[in-house]
Amino acid sequence: MSKTNAGHFFEDYRLGQVFDHATPRTLTDGDRALYTGLYPTRFALYCADSFARACGLPRSPVEDLAVFHAVFGKTVPDISLNAVANLGYAEGRFLSPVYPGETLSARSEVIGLKQNSSGKTGIVWVRTSGHADDGRTVLEYCRWVMVRKRDPLAPAPETRVPTLAEAVPAPGLVVPERLSFGAYSDVLAGAPHRWGDYDVGELIDHVDGVTVEDAEHMIATRLWQNTARVHFDTGARDDGRRLVYGGHVISLARALSFNGLANAQIVAAINAGAHANPCFAGETVHAWSEVLDKAETRRADVGALRLRLVATRGPAAPGDLRGEDGRYRDHVLLDLDLWALVPT
Amino acid sequence: MSKTNAGHFFEDYRLGQVFDHATPRTLTDGDRALYTGLYPTRFALYCADSFARACGLPRSPVEDLAVFHAVFGKTVPDISLNAVANLGYAEGRFLSPVYPGETLSARSEVIGLKQNSSGKTGIVWVRTSGHADDGRTVLEYCRWVMVRKRDPLAPAPETRVPTLAEAVPAPGLVVPERLSFGAYSDVLAGAPHRWGDYDVGELIDHVDGVTVEDAEHMIATRLWQNTARVHFDTGARDDGRRLVYGGHVISLARALSFNGLANAQIVAAINAGAHANPCFAGETVHAWSEVLDKAETRRADVGALRLRLVATRGPAAPGDLRGEDGRYRDHVLLDLDLWALVPT
Amino acid sequence: MSKTNAGHFFEDYRLGQVFDHATPRTLTDGDRALYTGLYPTRFALYCADSFARACGLPRSPVEDLAVFHAVFGKTVPDISLNAVANLGYAEGRFLSPVYPGETLSARSEVIGLKQNSSGKTGIVWVRTSGHADDGRTVLEYCRWVMVRKRDPLAPAPETRVPTLAEAVPAPGLVVPERLSFGAYSDVLAGAPHRWGDYDVGELIDHVDGVTVEDAEHMIATRLWQNTARVHFDTGARDDGRRLVYGGHVISLARALSFNGLANAQIVAAINAGAHANPCFAGETVHAWSEVLDKAETRRADVGALRLRLVATRGPAAPGDLRGEDGRYRDHVLLDLDLWALVPT
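Chains as they are written, first to last, in the working numbering: chain S, 1 to 344; chain L, 1 to 344; chain R, 1 to 344.
These are computed hints drawn from the structure, not numbers from a lab. Certain hints may be false.
Since the list can't tell identical chains apart, any single copy or any two copies may satisfy a pair.
Here are the simulated EDC-like pairs of lysine to aspartate or glutamate, each with C-alpha atoms no more than 20 Å apart in a straight line [claimed, not checked]:
id, residue 1, residue 2
1, K294, E166
2, K3, D186
3, K149, E91
4, K294, D335
5, K149, D12
6, K3, D197
Everything numeric in this text was worked out from a predicted model, so none of it was measured.
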């Protein structure tokens, strides 16, 4: 019997099946430093303990997306090792800040299955949650992936397509306990634009660009212990290129969005996300945002902005997302729909 | 109104203007590890808590130049985003060691302004200070940059060229409180040569070379949250190359200088500095030093060496700095004038 | 007199000579994070404090091979700066886990000398030990290197070839104090295969591959303060390539071996090792293992597997190690013989 993990195939999944994923991971100041070195991030809450304390938190938490990547990485060996495509995200909510020294683990439940008409692949929907070692659930999200079948003749499971919210409703957003933007410093945060300054429909060009290196995306992807071979091995694709982990593009875009959204401190929810086109080393990632919605939260000093965050290959006109055929343009790498918390 | 930071232009600056720079930054053991991974540094005081304690410090401090980079990085969005050139440094003094866990912030005051004869650019002099969250000033230095005008027709401000010391006078050097080299171990530090073994005029070839990679200088530059586009984006220059942040060359040269100056433990002052030629990935950085001066300090066991630290592209003969026309030779990348503290 | 370290030459060594190596080094969570970013490692004991505590340890220790690299790096300036080849390892034992915050130092004793018949080089055998600042010896190993003579006419020292064990005998393996696999979770560790599931002679293909980047192996090698020029400077070899530090290949192979040996948590001994062929950036490292032996330890819940861990350039058939002439095949990079501790 082989002792290596060949991953699961579509016919291996069952509705309601639960995976307690391997490799719990203690996040530390070392991971934070690498995150800062790999992404041009400057959101003050995640840079300075003093700024975080002025916002009511005990110290500066780990970047929300680092938590997302760490949890996501754990799911790969069970969920997406044989994935053909990472199709989407929904109902992602950050439930509690994570601090250096905390250990995260991850669990996923299969909530949907649908074999494709070809009979060679199927779609698997999972709801994943991340947990700190004190029992707190810190993150939950759904994602769905297209997975190969081992045996095309294996019988298809009963189809179940879960109903997922188009977006996390604003009342479902979690404002971290004790967070207060009452003493928030625009000067230290780097920009004066607060929640009230953004209008629904507004487009923001984040201006800057970052050319991607293989060494960088591999270090990042390993940091989250995402082991999908296609990111590391030039022999994994016919063209000899290493595919950049989609989460690397997410973090690049989020970091670039500082220039225009410096006060969108906290990612509170991931409503939806599409990796529209693959990204490879040598390409220069730019980003733009669109304000999709605004909402109040249970705290008067904390507002929420629903943002479409788009990463592109090369600079691109904000708003230019899809062609006349309704498909993403070739230069679009990422179309991410998120809620951010912003001082009012 | 645009929400992105276009940076300031020459006509935006006023004498006496003060900038409290954004993004305070907590430095941690993670930053130290990255510094060690990015630069071939081996100065024992910054490598081992036990060595630092034997020298009277509570633990191993953050590398002096890491403190410099962290403070420098904060100033970029306010001072040098539209800089054509980083012209010089003066009166740089390290006033207090910084320890992992401390949060740094930065402030700059405009101390000089001079429009160039073209009318398209001007020189801005600032005095910058770095502060720990307990209120200590840990670093101060002056630098001057050539900045573009937004509007060439904008009126020139009154010219004021500040008078800056050619070098920090030896009595102005700060020996860290409680520092003692009384129990200093040459064996653990890696070389027997102490303050008395160096002569003014002595040239030291640091022998080793390091070939620069884009991934490395970008990680370093992001770590200090220096956001100047030219370091990250192959589209920022006509030749498609990413300019290596000058501070990366400074740290490379300082680290290389270990081989010949292993006991020059502490950078106490930056007297002057010129980025003589640009550096790009693929080039191999070498370094040599010249002993410019020697001085005693208030502590008998701590001497000071004034050193010219020169980084070159490829190996180069120590002392070969300028051509007959008085200009830096093409292979010279950096000409840095610093004071280091050395056991006597 | 030159102040730079030219390294020692063969005729400089004396039997019984002891080197207290320079640059003690405090290992931190930052080093751990970099280790995780540089190698695709997922052994749970080294990823999560919670997992380590469930195994009886106070927290997650630093990876065993990181300890090896840190100690090894210290020896380079004294032992192998003028080495032509790193010939072998023997009698390597990990004696005590190292935790973040501990400071390591290293000492070596010359235990063998043999001039080669050419008279231009000689072989130096050293026994090296690594020490924590509380006095614990955490690691010891022998290695031998071929070192150039400064002067071919210098007289040869008396030949002394030490007798070294072919492998560390199982009773000599150290099981960390308080380690217990009684509550070990296969689910969290990532695989169900325990000590009893492995058979002597069994071959395991670790499947995955990692293409090496110059930025990555240089960051790793600097992290351990290994200063051998050939790893960093494109001018050091005639072909302009930077040689990957052999220890980088060791750590890559060990990390890849997770896929098939996920429960081989602890490296307890290095019996032997050969860097069969050089490795360069752009090459894709794969790995396979052979179970050489099995042994019990003094603890009933902890077994030991003696493993041959082989790294190859590109994917390779497990077991295909040497040609008919008895020499390593060209695609073999590393042949490492180690003992690992595994739950029974």
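Here is how each hint holds up against the structure:
1. For the homomeric pair K294 and E166, the shortest alpha-carbon distance inside one copy (15 Å) is at most 20 Å, but the shortest distance between copies (56 Å) is not.
2. Within a single copy, K3 and D186 get their C-alpha atoms only as close as 55 Å, which misses the 20 Å cut-off; across copies the closest is 13 Å, which meets it.
3. Proximity of K149 and E91 under a CA criterion of 20 Å is satisfied in neither setting, with 27 Å inside one chain copy and 48 Å between copies.
4. When the C-alpha separation of K294 and D335 is checked against a cutoff of 20 Å, the pair qualifies only within one copy, where the shortest distance is 19 Å, while the shortest distance between copies is 52 Å.
5. Proximity of K149 to D12 under the C-alpha cut-off of 20 Å is restricted to the intra-copy arrangement: shortest distance 9 Å within a copy versus 63 Å between copies.
6. Proximity of K3 and D197 under a CA criterion of 20 Å is satisfied inter-copy only: 9 Å between copies versus 57 Å inside one chain copy.
Taken one by one, the earlier hints fail for this structure only at number 3.
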